[in-house]
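Student: Now for the letters of each chain:
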Amino acid sequence: MEAIGSGKIEVSPTAIASLAGQAVLECYGVVGMASKDLARGLVEILQPASHRRGVEVHLDNDQITIDLYVVLEYGTRLITVARNIQSGVKYAVERALGVPVTAVNVHIQDLRVSSD
Amino acid sequence: METIQPSDEPESLFRPGPDTPIQFCDGLGLKRLIRAGLVWLERHQAAINSLNVYPVPDGDTGTNMLLTMQSAYREIQDSPEEEVGIIAHKVAHGALMGARGNSGVILSQIFRGFARPLDGVKAFDTVLFASALREAAATAYKAVIKPVEGTILTVIRQAAEAAVSAAASSQDLRYVLAQVVHEAREAVARTPTLLHVLAEAGVVDAGGQGLFIILEGMLRYARGERLTLDTELAAAMDLQTAHLGQEGGYGYDVQFVIHGEGLNVEEIRATISSLGECALVVGDSRVVKVHVHTPEPGTPINYGASLGSLSRVIVENMQEQYQDFILSKAQAPAAPAEPLSEIGTVVVAPGPGLARVFQSLGANAVVSGGQTMNPSTEDLLKAVESVPRNDIIILPNNKNIVLAARQAQTMTGKKVEVVPTITVPQGIAALLALNYQADLATNARVMAAAARTIQTAEITTAVRSVQINGIHVREGESIGLVNGELKVKGGSPEQVVKAALEEMGAGDAEIITLYYGESVTADQAQALAEELERLYPDQEIELVDGGQPHYQYILSAE
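Chains as they are written, first to last, in this note's numbering: chain A, 1 to 116; chain B, 1 to 558.
Only chain A is shown next, with the shape it has when bound in the complex (with noise of 0.2 Å):
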């Protein structure tokens, strides 16, 4: 991705996924990752284990898109903590990898509703 001296350091999608995926989690307002594949009529909560589900990445000329499926918590405020994912992950990635992030698209997939 990015020539640095005589060498090429190369980091793959999965890595920037996995990245991305770890700092999603601790985006606040995000109660769970979910698979993009609608086509099955539901929606799946993962695991945290599973983090990189829910987590595409795309590389095109050096320009990384980050796409998320996210569960978001209801009676929050969901354009902004979807704002907050936009800047968090963005910012945790670029502070990792030292290139910029094109684009991160939140796709909110579902609302956990917690007892009240």
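Because the hints were derived from the structure by calculation, they are not lab data. Be a bit skeptical, because a hint or two may be false.
[As the list claims (entries may be wrong)] Stretches of chain B that chain A covers, calculated by requiring three or more beta carbons in the stretch to come under 8 Å of a beta carbon on chain A: (1) 108–117; (2) 144–150.
[Said to hold, decoys possible] Calculated cross-link-like contacts (lysine to any residue; reagent style SDA-like; alpha-carbon spacing at most 20 Å): (3) K146(B) with L59(A); (4) K489(B) with G505(B); (5) K142(B) with Y74(A); (6) K487(B) with V466(B); (7) K90(A) with V53(B); (8) K489(B) with S519(B); (9) K142(B) with Q22(A); (10) K90(A) with V56(B); (11) K142(B) with D110(A); (12) K146(B) with R112(A); (13) K122(B) with F24(B); (14) K142(B) with I108(A); (15) K146(B) with V127(B).
[Unchecked claim] Below, a sample of chain A positions facing chain B; criterion: calculated Cβ distance under 10 Å: (16) P13; (17) V24; (18) V31; (19) S35; (20) T76; (21) S87.
Please read these numbers as outputs of a predicted model, since none were measured by experiment. Glycine included, C-beta positions come from ideal geometry on N, C-alpha and C.
Mind docking chain B on chain A? Use the hints.
Tutor: What follows is chain B alone, placed relative to chain A:
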């Protein structure tokens, strides 16, 4: 026993005596607590912004929390509701709708949880208050998969734990709130040990600090302190409220100029007024300037275009204007970015001259007082609260004020140490020894040691005949107290000064300082100083206009 309730004057605060317990808080009480938290947060916004390094170091935590609190308060601002459960739910709703940034979303969850156990409750007591805080913490933790410790989450959890244990033994909400604030402060101070990025940046968590400030504002209010909203900010909030009320949201600020023939200004004004608010239509038959606030900017523009050609068309989003205004306020110098780690000092000084001496040495607050005019505990407490520092050292500078200072120490949410200086020169020596790099306890120790090294004499006139320490004193005679003890007497203050200096062993000192009081003229003092220079040629003699009452002279030798 009291209830937090409003008085007739809307802005006035209840002021129960500091010893009167507050057993219940109803909706109006909560409303005022929220307001106090908002006001205090507004004042500390810039300082909180400067702490912001996690999760993203964008320096907006204070602003985000403030906007969230404003939204919460707007929801209840004009509500006459007395049921605390309803007010709590309104606050939660307002915070939710206005949540900004991470800290704002968490704050809104805290309010949401807080409201839950208060359903249908008219007024909460300490036990319910503690449950509500515990539920606030639990709710805040629920909305994240991996709660990060060392953040606002940790602070609300530990503050809630403090509330629960305090409520078990006290029915006084003020006491419980004081414990909550105390624990919140401690929890904030511990955040760098839990979250590495904070330690790296050398800061405490911004969101946690914001929550602490909100709680501290509430405590200040509960103690009867008057916290007033910045008027500009209040005006901006009123403005926004008006728009919210009338338009159900933000609108656009639309301006344009119509050029045409035979324009009917009256008709245009009537039409424009029907399309929005704050309509301003001026001009003549050929040129008409239009200004209106409207939710649909297209409508007035289309209407204008149907009458003639338009120029200088300006459409502005008023929400953005408002945010810009708030942000520009955030950068205004009005909100001082106070360093949080420094130690503040409160000193007692008799007389304006000595007050100036202390101020020039960096005292943050000077309370007027001394012999026969002892300041009250409340005066000292007010001074402690007025200093924008969390750690405070009090220098009472008089034997009779040490006790009041110790009482003030127990009544504040701040960390206070009393260095028991019993004379003004001791206080000055102590203040000079203050080290801003060291912590509070170390400073208290070092300052007390510095105070002990100084020899002090106070020269006054006996108000009655008495025999102390084997010295017979007749009313009207001049007497000298050396280090607080009656040691010498004489016919004139000047004679006693000389006797006292001998008693103090001034010949071994390096500097002799002479503070002359309000009853002594500068010439008299100067003459005495010159005489002392002859008597003590090896010592440096300093003459200071202390302006203190009762004591013609206060002397120190060091």
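Student: Any hints this thing doesn't respect? Which numbers, in order?
Tutor: 3, 15, 16 and 19
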